[in-house]
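Q: So the sequences go chain by chain: H and X. Using the UniProt record's numbering, the first residue of the first sequence is number 1, and each one after it goes up by one. Using the UniProt record's numbering, the first residue of the second sequence is number 1, and each one after it goes up by one.
Derived by calculation from the structure, the hints in this document are not laboratory data. None of the values given here were measured: they were computed from a predicted structure.
Under 8 Å between C-beta atoms, here's a sample of chain X residues computed to sit facing chain H:
| no. | residue |
| --- | --- |
| 1 | His46 |
| 2 | Met49 |
| 3 | Arg50 |
| 4 | Gly67 |
| 5 | Ile79 |
In this text, a Cβ means the ideal position worked out from N, Cα and C, and glycines have one as well.
Here is what each chain is made of, one letter per residue.
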Amino acid sequence: MTATIDNHWYPVAMISGIQAPRETLLLGKKITVGRERGTCWVKDASGNALPTVERFGHLWTSPGQPNRDLFTIPEADSPGRRLVDVGSVKVKCSPLRAVENFLDIAHFPFVHTDILGAEPHTEVDRYDVKIREEVDEVWATKVKFFQPQAAKSAEGGITTEYMYRVPAPTCSVLYKTCPPRPGEWDVITLFVQPLTDEWCEVWPWMALYDDDSTMSEMVSFQQLIFMQDRSILENQLPRKLPLDPGMEVPTQADMTSVAYRRWLKKIGYTYGAQLVAA
Amino acid sequence: MNWVAVALTEDVPPGVVIPSRIEDTDLAIWCTPSGRYHAWSDRCPHRGMRLSHGFVRGDTLACIYHGWQYNEEGACDYIPAHPKLTPPDTICVPTYTCTEAGGVIWVSLNKTDSALPALGGRKPVRSLPINLSANDLAAHFGAEDYTTIAVVSDHDVLIAVQPCTDNACMAHVLASPDKDRTTVSRWLEDLRATLEGMPS
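For reference, chain H alone in the conformation it holds in the complex (with noise of 0.2 Å):
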């Protein structure tokens, strides 16, 4: 494993489920996540402490020496919002399809039918992408779609803006029209810890404007929304992540999944990619 893969941080559980000690795996590799006396640790297979980090109602590690800190949500921050623990779905596919789907808004009609999109609202409007060199992140912004449920507060059908940000390589951050507060942006994440290059454990995080839903009920909004995403991504061949043009074909739609590949490729972060068509 290059120190390219080792040096990031990951999710490996959400801070209030922590009870006692429990294995998983990180990169193929075997830890142990636990808490004592209300602070977390977690531990490699040899028993060496590994370094952590509690941000997002989750716990943070990294197997190698991470260069920079893990990244922030400064808007998650702002008083009034809901921060919601939505719990894990393990999911047999690579880390990187799992974040390439949550970027994707084309599928909305089609996989999240009445709810994220419906026919005949399929259009995607072109948008701006861009790699942020100077944050070294992937940025799609004016992102606009027709919804006809887009969060648990909503009522009716909206044209719902989105931002995505890509801050970390299994890690994506999108912001949305927030139904109760026009001009205020909803803030949902998709952390994914990489169990191994074909199986992974996704743990949405949400920071909302919602002052009616209870906690369960935007927590089970978003369970139903990524179970109809499993069912697509326990389905795609090659399980892997094609990061080569020519396996794939994608459209303008696609911009943001093509920008993704193109940073995956450009920062060398290859775990869970397919690199030479098969």
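Knowing the structure of chain H, use the given hints to seat chain X on it.
A: Okay, now just chain X, sitting in the frame of chain H:
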């Protein structure tokens, strides 16, 4: 390899798509509303999603992921994210030779001139997966060629064998129209139990 049975027509009615497999080749088998059968590579060229999870709309097969529609030649003719775009000819799904005869859907992965297996007027009874390679199943009946195995038994059954993996095959069973389907079906389940080493 020539003709291989991949399904019974009664299991793929018009408007339906199912997954199937011949050795290393994953297949989507589908039937148009007017009854034409197609056998395609089970992979949408866009993002690799299995087309067998898709849906038949008109004379097209659509991918469930983004709704891309493929006409009967396997060429993409509609991309919902870009309704005004005419998709380039290069976006197409690999297709295989596929035909229906005697209530069985037959596929040839290569171009072939060979005749379809003779069924002797037998009618389809059912398909049953067996955890045994196609060759091992053929060997059980002393047959060299697994494509079709005529079994001399009380039921005069014919098995069209579909090789799926190194240790699994699908047995498509046909019997004379005067045989009782339930009896033949039970015989087949007993046969599978014996072959798989399970108590019946």
